[in-house]
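**Q** The residues making up each chain are set out below.
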Amino acid sequence: MVQQQMATSTATGTTLVEVKGLKVHFPIKGGLFNRTIAHVKAVDGVDLTIRRGETLGLVGESGCGKSTTGRAILQLIKPTGGSVKLNGVELTKLPPSELRKKRAEMQMIFQDPFGSLDPRFTVGQIIAEPLENFKRGNAREIREQVAHLLEVVGLNPYYVNRFPHEFSGGQRQRIGIARALALRPSFIVADEPVSALDVSIQAQVVNLLQDLQAEFGLTYLFVAHNLSVVKHISDRVAVMYLGRIVELAESEKLYELPLHPYTQALLSAIPVPDPEVEARRKRIILEGDVPSPVNPPSGCNFHPRCWKAQQICREVTPPLEEKERNHYVACHFPG
Amino acid sequence: MPENLLEVNNLKTYFFTRGGVVKAVDDVSFTMRSGEALGVVGESGCGKSVTALSIIRLIASPPGKIVGGEILFNGENILEKNNEEMTELRGSKISMIFQDPMTSLNPVFTIGYQIAETVKRHRKGISNDQAWQRAIEMLDLVRIPDARRRAKSYPHEFSGGMRQRVMIAIALACNPQLLIADEPTTALDVTIQAQILELMKGLAKEFGTALMLITHDLGVVAGTCEDVIVMYAGHIVESAPVRQIFQTPAHPYTIGLLQSIPRLDEKRGTRLTPIPGQPPDLSREIIGCPYASRCPRVQPRCRQERPELKPVGRGEQLAACFYPS
Numbered sequence: 202m203v204q205q206q207m208a209t210s211t212a213t214g215t216t217l218v219e220v221k222g223l224k225v226h227f228p229i230k231g232g233l234f235n236r237t238i239a240h241v242k243a244v245d246g247v248d249l250t251i252r253r254g255e256t257l258g259l260v261g262e263s264g265c266g267k268s269t270t271g272r273a274i275l276q277l278i279k280p281t282g283g284s285v286k287l288n289g290v291e292l293t294k295l296p297p298s299e300l301r302k303k304r305a306e307m308q309m310i311f312q313d314p315f316g317s318l319d320p321r322f323t324v325g326q327i328i329a330e331p332l333e334n335f336k337r338g339n340a341r342e343i344r345e346q347v348a349h350l351l352e353v354v355g356l357n358p359y360y361v362n363r364f365p366h367e368f369s370g371g372q373r374q375r376i377g378i379a380r381a382l383a384l385r386p387s388f389i390v391a392d393e394p395v396s397a398l399d400v401s402i403q404a405q406v407v408n409l410l411q412d413l414q415a416e417f418g419l420t421y422l423f424v425a426h427n428l429s430v431v432k433h434i435s436d437r438v439a440v441m442y443l444g445r446i447v448e449l450a451e452s453e454k455l456y457e458l459p460l461h462p463y464t465q466a467l468l469s470a471i472p473v474p475d476p477e478v479e480a481r482r483k484r485i486i487l488e489g490d491v492p493s494p495v496n497p498p499s500g501c502n503f504h505p506r507c508w509k510a511q512q513i514c515r516e517v518t519p520p521l522e523e524k525e526r527n528h529y530v531a532c533h534f535p536g
Numbered sequence: 008m009p010e011n012l013l014e015v016n017n018l019k020t021y022f023f024t025r026g027g028v029v030k031a032v033d034d035v036s037f038t039m040r041s042g043e044a045l046g047v048v049g050e051s052g053c054g055k056s057v058t059a060l061s062i063i064r065l066i067a068s069p070p071g072k073i074v075g076g077e078i079l080f081n082g083e084n085i086l087e088k089n090n091e092e093m094t095e096l097r098g099s100k101i102s103m104i105f106q107d108p109m110t111s112l113n114p115v116f117t118i119g120y121q122i123a124e125t126v127k128r129h130r131k132g133i134s135n136d137q138a139w140q141r142a143i144e145m146l147d148l149v150r151i152p153d154a155r156r157r158a159k160s161y162p163h164e165f166s167g168g169m170r171q172r173v174m175i176a177i178a179l180a181c182n183p184q185l186l187i188a189d190e191p192t193t194a195l196d197v198t199i200q201a202q203i204l205e206l207m208k209g210l211a212k213e214f215g216t217a218l219m220l221i222t223h224d225l226g227v228v229a230g231t232c233e234d235v236i237v238m239y240a241g242h243i244v245e246s247a248p249v250r251q252i253f254q255t256p257a258h259p260y261t262i263g264l265l266q267s268i269p270r271l272d273e274k275r276g277t278r279l280t281p282i283p284g285q286p287p288d289l290s291r292e293i294i295g296c297p298y299a300s301r302c303p304r305v306q307p308r309c310r311q312e313r314p315e316l317k318p319v320g321r322g323e324q325l326a327a328c329f330y331p332s
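Heads up: the sequence lines are chains A and B, in that order.
By the count of my numbering, the first sequence reaches residue 536 at its end, each step adding exactly one.
By the count of my numbering, the second sequence reaches residue 332 at its end, each step adding exactly one.
Wrong hints could be hidden among the right ones.
As the list claims (entries may be wrong) - Here are some chain B residues pointing at chain A (derived, C-beta under 8 Å): (1) Phe105; (2) His163; (3) Glu205; (4) Thr255; (5) Arg270; (6) Asp272; (7) Ile282; (8) Asp288.
What the hints assert, rightly or not - Heads up, simulated BS3-like pairs for lysine-lysine below, C-alpha to C-alpha not over 25 Å straight-line: (9) Lys303/A - Lys224/A; (10) Lys483/A - Lys100/B; (11) Lys483/A - Lys212/B; (12) Lys230/A - Lys286/A; (13) Lys274/B - Lys317/B; (14) Lys274/B - Lys100/B; (15) Lys100/B - Lys454/A; (16) Lys279/A - Lys294/A; (17) Lys127/B - Lys100/B; (18) Lys131/B - Lys483/A; (19) Lys336/A - Lys224/A; (20) Lys159/B - Lys127/B.
By construction, these hints were calculated from the structure, which means they are not laboratory data.
Ideal placement from N, C-alpha and C gives every residue a C-beta, glycine not left out.
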């Protein structure tokens, strides 16, 4: 029953989410009278389109703004600027009551399976909460839906009266997924959904997410730092560096022929579980650390660590352009 | 000189908790040659960190206790040493790097002071000046730019990757024979991880230091180690040279682990094969093979008897399984 209602259009190609010029700047307070003295430019002009039914991977190192992007798209953080459209509806300008209705269509799966579930609620209460908030049926109907959701994510409905602490990390992540699915959303932002799990459990959750996508026609924005996992699950991948997207391409293509120097370095840094491959690989070791997003470097903000940097890179910010079909890159000297 | 730098025989480290006795490390034996790079892999709770902490005798007691076995370092049993002798050994002959570079350094002392302190502790008669020089030398070695100036910085002025370099500098300052690194790159970003692994590998080779690298990341092991130990539920389930672990894994758990991780060089559309179920609760008595409840090849015998670590194939590879592949 839930299944049929959840099955939205799975036709790929049409745009579900459209993000234009998204900016999130956090003020830094300080000095006399606690004035704003600077801004952390966590997200600094991000353009993205997410197609219906696809998984878009968003990768980058810590502090690059990938999680903030995910949250700003869901309006969990108010964007400083730019526009976010879900199904053609502009979210950033919606009044709170309208936005609340929209929340049923877009949900989030969090990283920490320990912190994201209220320890004083039973599993049944946790999953029923969104259903009750949005008045999806009477008590009996909600109970049935909760039992069904538990089955969908591979948990025994018998567990409905247990508390989160009685479950392992992987099982808790399944509970979080059941809660996200409860309102039959079309769009889910998964923020590092498997990072806290052991490898053998990671695979269980990754497979579950893929099965659910096929079954319910879900669209994912999959935010993670583990590129191997992102490549595995995503149709297209966007690479972020210091608040901007530097490259976006179909996942296969991005890994075979990365065009941006940062993507090349990032990919070469990932260890492959095969000693033969490891022995043959050449590694690009980047110098230094990621600069502070308070004072990002001028021009292309990757230039201080880039081995291809020229004068123009220090002065002019390269726009994200389609260099090959469906392959976007923001670099003056790609390839 | 004994043949092996480190020899762990039937090590048992238990934790006596209110919920019962947790057998975190239960009958673990392995050896390390000097200069060898050994990887210890396994999932959380498998006993890999407790094994390392037992070797350097830093098990919190209570509740932890090494209840059996011996650890021979250069032929001497570490477990028979008193606290003073252990303090002497730690930092000079055996060093350890921990996962979290944010909390491993003391925030109220300068970086240089903390390195110099280690040097002075273990080298009698060295002057303050010489120790400081050595600190700068070590910072240079771990490629901290402008070491002379940065030695006067405090830990909060350093990024995570730089702090981990400082930890490596402290660990290697006295030319130890064994460096234990417990998840040294887990808290770091992947580009920084590449820097740190490269550095550790290079320095260990340069100084002839044996490296025991504890990690959950099989990729890290593949690129860094010569030999690998796979742990599960407090036991070693497989041990072999790195190529054999990846090419001809013998234990079903090792095979399961390798199949459950996505690879960067895999073809599109491959599906992961997860290991069903969860690791066993170590506070309960485990009868038979600890992996039996999750094993696809389980036989009645596996639930009754515990398999010993035995050679498979040509002998360098050991697996604790009645029916290895």
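**Q** Quick one: which hint numbers does this structure break? Sort them smallest to largest.
**A** 1, 2, 4, 8, 10, 12, 13, 14, 15, 18 and 19
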